[in-house]
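So the sequence lines, in the order shown, correspond to chains A and B. Using my numbering, you'd call the opening residue of the first sequence number 1 and step up by one each time. Using my numbering, you'd call the opening residue of the second sequence number 1 and step up by one each time.
In short, the hints are calculated from the structure, not lab data. Some hints could be false.
Unchecked claim - Stretch by stretch, here's where chain A covers chain B in the computed footprint (C-beta under 8 Å, at least three residues):
| hint | segment |
| --- | --- |
| 1 | 45-57 |
| 2 | 62-74 |
| 3 | 129-143 |
To be verified - Examples of chain A residues toward chain B, derived with CB under 7 Å:
| hint | residue |
| --- | --- |
| 4 | M1 |
| 5 | A10 |
| 6 | Q15 |
| 7 | L19 |
| 8 | I31 |
| 9 | H32 |
Backbone N, C-alpha and C define an ideal beta-carbon position, used for all residues, glycine too.
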Amino acid sequence: MPPLNEQLDALVTLQDIDLMIRESRDPEMAIHEGRLGFARENVQRLEQTRERLASRIDGPLLRTYERMSRRIPRLVVPVEGRVCQGCRMSLPTSSSGRNTPGTSIETCENCGRILYRI
Amino acid sequence: MTSPSLAASRNASSLESLLRPTLFVSELRSKKKASVLDELAAALAAAGLTRSPEIVAELLREREGLGSTGVGKGIAVPHARSTLIAERAVLVARSAKGIDFDATDGKPVHLLFAVVAPPVEPDPIYLKVLADVVRAVRLSRTRQRLLEASDFDTVREILIHAAAE
Ligand SMILES: [Zn+2]
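The shape of chain A in the complex, shown without the other chains:
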């Protein structure tokens, strides 16, 4: 498996791809985009991208995402200036810098979201 920071890069991208897949299956969105002249045909391509990204994420982390993202929208969120962008709460100062290989993922104490540090 790639180092954790690279897995989180893949996970945050996968989360955005999941949104794109939902948009692609949303009839209202399809009508709107169609009216504007945007083509939206190869949805199965997105599934392939999703599989490619998932293969770069450790099983337990991926399963945590699959399970929790059903409950919490935008499960993976960036941290900006020590503020969780999911719930806007400040993280405790003890919360350290970028995740390093071998360490567990960081989650927000307030909202439980997975924190993504850029």
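The hints should help you fit chain B with the ligand onto chain A, whose structure is shown.
Using the frame of chain A, we list chain B with the ligand on its own:
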């Protein structure tokens, strides 16, 4: 000055608040679609909209993989919503030479509007911004004036007027 209709003023405001001088690329360096998307993402990062231009570029590419956002008549509206985008934005970019963007009419693209937003669901404003952009450039004289405009302020004025028309 005639007062614009309510609908028109609503139209104007959607683009008005989003168009910014830092979100303007007067002439794209890239000629190929893939590298143009990289250049757009880099410009968004330079304007402070994202700190992850590589991922944003990848998402724009994935959206294009679904089908081109080159809507014809030299216009493309690459767009994506991402966790790594700070706020809604429209980046305006031009290419005098034109870019092969797999547009629906097969013609090269000269005007690009990259529309990005955070992943809020549902986001009717995001959909409205996409519609406003396409609407603003429906007339050929507007497109011509946008290509000839000497600076961002002129581009902004043309777009806001065209969206309100
Ligand atoms: Zn939080």
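Problem - Three-residue Cβ test at 8 Å for the coverage of the segment 62-74 of chain B by chain A - result: Contact hint for the segment 62-74 of chain B vs chain A: holds, 9 residues under 8 Å.
Exercise for the section: Hold the hint about H32 (chain A) up to the distance rule: shortest CB distance to chain B must be less than 7 Å. Expected result: holds, 5 Å
Problem - Restraint satisfaction for M1 (chain A) [CB to CB of chain B, less than 7 Å] - result: Violated. Min distance 19 Å.
Handout entry: Three-residue Cβ test at 8 Å for the coverage of the segment 45-57 of chain B by chain A
Key = Coverage by chain A holds here, the residue count being 3 at a Cβ distance below 8 Å.
Practice task
Have a go at the I31 (chain A) hint: is there a Cβ in chain B nearer than 7 Å to its own Cβ?
Solution key: For I31 (chain A), the interface hint is violated, since the closest Cβ of chain B sits about 11 Å away, which is over 7 Å.
Problem - Given hint A10 (chain A) near chain B, where the shortest CB pair must fall under 7 Å - result: violated, 10 Å
Handout entry: Restraint satisfaction for Q15 (chain A) [CB to CB of chain B, less than 7 Å]
Key = holds, 6 Å
Practice task
Count residues of the segment 129-143 of chain B with a Cβ under 8 Å from any Cβ of chain A, then say if the count reaches three.
Solution key: holds (count 3)
Practice task
Identify whether the interface hint at L19 (chain A) stands, where standing means a beta carbon of chain B within less than 7 Å of its own.
Solution key: holds, 5 Å
Of the numbered hints listed earlier, those contradicted by the structure are 4, 5, 8.
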